[in-house]
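Participant: The chain contents come next:
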Amino acid sequence: MKHARILWTAIVLFLSAAAIAQAKAAAPAASPTPPPPPTIKGEIDREVSTLEREFVGAAEAMPEDKYDFAPTGLNLSGSEFKGVRTFAEQVKHVAMTNFQLWGPITGDKSPFDAKGDNGPESLKTKAEIVKYLKDSFAVGHKAAQSVTADNMLTSYPNPFGGRNPMTRLFMVTFAVEHAFDHYGQMVEYLRMNGIVPPASRGQ
Amino acid sequence: MKHVRAFCLVMVLAFAISAFGQAGAPAKPAAPAASPAPPQAQSAPPPIDSFSALVDRQVSQYEKNVVEAADAMPAEKFDFTPASLNIPGSSYKDVRTFAQLVKHTATANYRYWTTLTGEKMPENIKGPNGPDELKTKAEIMQFLKDSFAVGHRAAKTVTPQNALELLPFFRGNSPRLLIASGAVIHAADEYGQMVEYLRMNGIVPPASRPQQ
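Here the protein sequences come in this chain order: A and B. So the first sequence is numbered by this note's numbering: it starts at 1326 and just counts up by one. So the second sequence is numbered by this note's numbering: it starts at 4 and just counts up by one.
These are calculated hints, taken from the structure and not from any lab test. Remember, predicted model here, so these are calculated numbers, not experimental data. Wrong hints could be hidden among the right ones.
[Claimed, not checked] Subject to a maximum C-alpha distance of 20 Å in a straight line, what follows is the list of computed EDC-like cross-link-like pairs (lysine to aspartate or glutamate):
1) K1391/A with E1446/A
2) K1449/A with E1389/A
3) K1456/A with D1475/A
4) K1366/A with E168/B
5) K80/B with E168/B
6) K80/B with E1405/A
[What the hints assert, rightly or not] So the derived list for chain B, only partly shown, Cβ under 10 Å to chain A, looks like this:
7) F54
8) L57
9) K140
10) V187
Even glycine gets a Cβ: it sits at the ideal position worked out from N, Cα and C.
Taking the hints into account, I'd like the entire structure generated from these sequences.
Facilitator: Dropping the structure here:
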């Protein structure tokens, strides 16, 4: 009786295992979960993320004691750098513009005031400036995530004081283009100081 | 509504870039539009009545910036690279010449935008710096302008309905919208570098000059 029960248990286990194996063999090969279909907000947020990675990387790559660097200081023969921004002003200007373009969409405002378009004068240290920059990108992600096919052409009052409104899609994407324009300039500032931009290393 | 939106796009792009594009000298508070020319004084552009028109405006703006910057560099300076300045402590090994920046930008334009139009890449493009045989400023400028012509055709293909359509691009797939705008974003990056190359040679970028 004991032997019969053991045999019966063994048979049941064997058949169960065989059935499971068969079921697995019959099932389609397990494949990785396909990526979710793209969305407008997701794709725009990817652009913001790419910019954030490169721009913040460049800002962090400049040593603090070079934050007041401007090419004017090199006195390059035949050059024309009169009145150009310092490295710190480039970063603050972009962060401030990010707030101006993304903030109206999310309801966020720059935590600091500025008299001109070079960003808040009260921010002096690298740590303060980089934090301001990062905070602006946090608003950028919120703004990007708000864009839908239905609202992307919704207009907002001109954040720069003009009387002509802007569309949500334009405000979000123009901030990226604008920042990359300045990123290209910061790349040169870094190289002038012997620093290869992080995004260009290893190429 | 359509008029003001179109108007806004063009003017803000133009003014913002001109003010932002390394002018350095601050404009009025919260007014990147450094140009004294009041927007209202200009003739209104065609209305933005479609998604593709909005994309096309963005192509147009960086076409203006990049083409004008390239054109501002004298022909004899097209082979300039900052490495030649021997700035003490700098790191300019193997960076692109001005001509290569321009050809690279145009090459990327073709890469992005022919994906949308279905046109063939020019056969003489062999690498990221474009055709080696293009040497003169005139040849390079034509190559650049032709690449933006593809951009305008590409913009016209983008609609709200197909904006998320995945197309084969480089090693994967990308949505049509991202491919269209990616070229503009890339051109903005390269433009920022051209600005510095111009200033190293004593040339204020056209977009940063005081408006007439």
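Participant: Given the hint that K1391/A pairs with E1446/A, does the C-alpha gap stay at or below 20 Å?
Facilitator: holds (17 Å)
Participant: So, as I understand it, the hint says F54/B touches chain A; can you test that by seeing if any CB pair is closer than 10 Å?
Facilitator: holds (8 Å)
Participant: Given K140/B as an interface hint, is its Cβ closer than 10 Å to any Cβ of chain A?
Facilitator: violated (19 Å)
Participant: Given the hint that K1366/A pairs with E168/B, does the C-alpha gap stay at or below 20 Å?
Facilitator: holds (14 Å)
Participant: Holds or violated: K80/B and E168/B, Cα atoms, limit 20 Å.
Facilitator: violated (42 Å)
Participant: If you draw a straight line from the CA of K80/B to the CA of E1405/A, is it 20 Å or shorter?
Facilitator: holds (15 Å)
Participant: Taken at face value, is the distance from the CA of D1475/A to the CA of K1456/A at most 20 Å?
Facilitator: violated (33 Å)
Participant: Taking the closest Cβ pair, is L57/B under 10 Å from chain A?
Facilitator: It holds, given that the least Cβ distance between L57/B and chain A is near 7 Å, below 10 Å.
Participant: Below or equal to 20 Å on CA atoms is what counts here, so check K1449/A against E1389/A.
Facilitator: Roughly 10 Å separates the two Cα atoms, so the pair holds.
Participant: Let me know if the C-beta of V187/B comes in closer than 10 Å to any C-beta of chain A, holds or violated.
Facilitator: holds (6 Å)
Taken one by one, the earlier hints fail for this structure at numbers 3, 5 and 9, listed in ascending order.
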